[in-house]
Amino acid sequence: MFKPFFPYFTVTLLAILFSPFVHSAPIVVHVHNQHGEQLKNAIIEIIDPSAEQNTVPTEPAVMDQVNKRFVPDLIVIQQGQSVLFPNSDDIRHHVYSFSQAKQFELKLYAGKPKAAIPFEKNGVVIVGCNIHDSMVGSIYVAKNRTQKTSDDGTATLELTPTSEQISVWHSNQQAAPEQRVIFDINKLKSNEYMITIPTIQPPARDTFGDTFGDYSAE
Amino acid sequence: MAITQQNSLRQNIVLLCTGLVLITSVIIQAASWWSTSEFNNSQIASRIDNAQNVFEQYLTEKERLLSTAARVLTADFGFKQAVSSRDAETITSVLLNHGQRIEADLMLLTDLEGKLVSSSLKDFQFDSSQQTSLTEQQNTQFIMFNNKLYQLLELPVKAPRVIAHAFIGFEIDSTVVEELKRLTSLDISFFDNNNRVIVSTITHANKQPLKDYLATATLPWLFRDRPAYANRKLGLDSHYSQPFQVFLTADLSSTYQEYDALISTITIIASLIMLVAILISGLFAKNLTQPLSHLVELAKEFAQGKYSYVTTDTKMSREVSTLFDAFSDMGKEIDLREQHILHQAQHDTLTQLFNLHTFRSKLNKTLPSKQAYLLVAIDIRGFSNLNDVLGIQVADECLRALAKRLTEFSIPNCLHARLHGDVFTSLIPLQNEKEINSHIESYTAMLAEPLQVRRLSLNLKFWIGITTYPNDSNDPQALFQRTMLALDNAKKENTTVRFYQEGEEEARLEHLKIVESLKEALASDDGQLYMNYQPKLNLKTNKIDKVEALIRWQHPEMGFVSPELFVNYAEQTGIIFDLTSWVINSTIKQLSEWQQQNIFIEIAINISAQDFSHPEFYNQLKATTDKYKVSPQHITLEITERDLMEDEKRTIALLQELKDTGYTISVDDYGIGQSSLAKLKELPVKELKIDKAFVMELHKSESDQIIVSSTIELGHRLNLSVVAEGVENEQSLALLKDMDCDHIQGYHLAKPLTAKNFVSWLNDYEQTNA
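Quick mapping for you: the protein sequence lines, in order, are chains U and L.
Heads up, the final residue of the first sequence is numbered 217 in numbering that gives the first Met the number 0, and it's a clean run with no missing numbers.
Heads up, the final residue of the second sequence is numbered 769 in numbering that gives the first Met the number 0, and it's a clean run with no missing numbers.
Quick caveat, the hints were computed from the structure, so don't treat them as lab data.
Do not rely on the hints blindly, as some may be mistaken.
Said to hold, decoys possible - Quick list of in silico lysine to aspartate or glutamate cross-link-like pairs, DMTMM-like style, CA-CA up to 25 Å:
| hint | chain 1 | residue 1 | chain 2 | residue 2 |
| --- | --- | --- | --- | --- |
| 1 | U | 101 | L | 86 |
| 2 | U | 120 | L | 86 |
| 3 | U | 101 | L | 88 |
| 4 | L | 539 | L | 727 |
Just need the whole structure built from these sequences, with the hints factored in.
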């Protein structure tokens, strides 16, 4: 069960170096949770209004469904890119999303769906399966450049002078699933700092939804 | 036989038995009351415990069911879709719609921050604390809205991540509490945090708040009120600082009814047992005590002198029967002894004749009668002599023989008795008056026959006093008295047969009357008794130097009483000492007064033999003499010659003592006694007083002259002064002067005079003979 906390975000900025900040220089971001554990796969987007639109890949990204899981359960795509949701399981799935960035519904299907789903808006889209509640997948629809934290929870960002803000998101964050935390780059006084994202444990695999999936299908 | 009096033994037995049963039953009752009460309390407690378990179980179950239903609801795709639509109207409608599916009374939706998004009830609002704390609750909780209590269940809305929180509420209404009541069989009341009742299975018309009512309501009982309800207070999880409260209430009235019924059953049983105990112990006590009351009856019969009581009670126990027999035997023994004692009381032990008492009572029973009787009393002459000579045993045998003789008297129907000592009496019936003499003759003849005692032939002589009934008295006791008087007179007159003579009894009574009056006169000392003084002339000096004090008695009714008479009676009745004391006191007082008037004269006082033998005589005389401060030399004590000769030794000692003290002793009435001159010589006397019998006719009788002359001479020889009394003429005086007599006294000189008259007489005399 979700347990919200206040404040939802605690961002600790620690100035390690007092040398003048240089925008063109790379900065290192360390992301960890409230317990000090390093968070990998946190998505950091560098918001730069003046940057050119990234080229949208024509090939759709793929989020497969294997063994009642989305595989991979996190993909990062560019705004306007499509995602294909093939079903590799023997059973049918009902993939949907009520996220603000994209609402769609692939009613019970098996095998490859007819078409890929286009994601016109940037933002976080949480996808689930209506008949398998434990299936949760996240699609990060990025407008700008993004970067994932590595296994040690760090990411090295190459910033352009026009970069104004960065946003940080993690799939297990305590905050609303679609919410991203924005940091103002101009206010950063150092080129290495730490970001704390409170997380929760993802729900167990074998859940109520799996057990009573038939009912929820109505 | 009914037991009329309260029998304490019986009561005690009944009390003991009843008391024991009472104590036992009270203890048992108290124990059963207590244990029943304890059992009830524990029953109630366990009922409430069970109810609490059921209640909690119910809530948990309900929560689980609700939770299940709610999860299904929140997992509904359409629901999730509607929620994620973010359209308020849609969300509200879906809440209402889906709420109805699971019959929820309240549906709420909050965002992840806990802010209320939508509600199935209009105007629902969280207060500030609820907004933050609701979502912190893990399980169900209770909230109030519009005075209704809701059990609220939180569920996350997942799409598939948690996007909102749904709250599903079920009202705790009367249906719920009624169901709880059915399950727990206890009343259930829910109270809000202001102690107001929300819902309850108990309705009460009282204005008192229900919570207080439950806690304080009582039911009236015997001695104190009992609480009407047992309550268990439970808290309900809520976000309020004061949780809602649930009262599990056991209505105790039915418990009390059962308890009371049990107690009254026990009480009734105990009362019955007590009643039975009283009856049985009463019966038992009656059986035990009835024979005792028979014994009481028996004892009462004994007390009345009836010793032949027979019981009709056949149900006596062996012990009581034995006791009863013992009592009966005792009664017989007492009867025998009583008869023996009665015989002894009625009879003279020596002769077996009736005794005095019995004789008198038999006399009372026999008389009055139409039959005439002779009443004879006899006394053996010289019996004390006989006693001395032959001894008491022979004398007793003699009395027995006489008694035997009396019982063998020929005249039938005589009544004989021994009164005391040697005095016997016989009541002899008379057919007519002519028989009197013949009967007396045969009676005396019988007595005259010699008595054969231990081979001795005794010729006894008797004094016999006789009265005749009814001639001498109608009254049996008076007759008896007169018979005894006749016997006394026979002794005095020394005659063998003495009939009672009319008037003798009255004379004796007169005598008694005089004695009584004399006692009164002495006691009152009111002038009835007074002293006269007769002067004595000293022939040597021709002066009046002595007087003889003589008592006189003027009784207000009887008039002048002869001194010889009453002094004699006083001697006979033993009051002479009192009389003499009075005389001594009066006389010495007079002497003292005269001495104060310068009249110096000696006084002679007559003293009787009884005075002399009185142990206090000397002391009293001396005390009186000292009291009036008079010298004993002025007092002469005149004692008759006869008195002087009695009890010589003691008399001599006393006379000597008197003489040593200074009193003069004079021998009164000298010449008529039989005293020897030799004895007279030994006595410490100083004066002889020649009896007037020799002096009164002195001038005529030559023999008297010889006696008086020789007596005077003899007295002078013995160094005694001589007084002649009864001098009544001049010739006698002259003769006595010639005979050298020392003093004379008599009418010729002066009569006895009162004190006052004596003084004037003395003055006249002294002037005439100066």
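Outcome of the hint check:
| no. | hint | verdict |
| --- | --- | --- |
| 1 | 101(U) with 86(L) | holds (17 Å) |
| 2 | 120(U) with 86(L) | holds (21 Å) |
| 3 | 101(U) with 88(L) | holds (22 Å) |
| 4 | 539(L) with 727(L) | holds (19 Å) |
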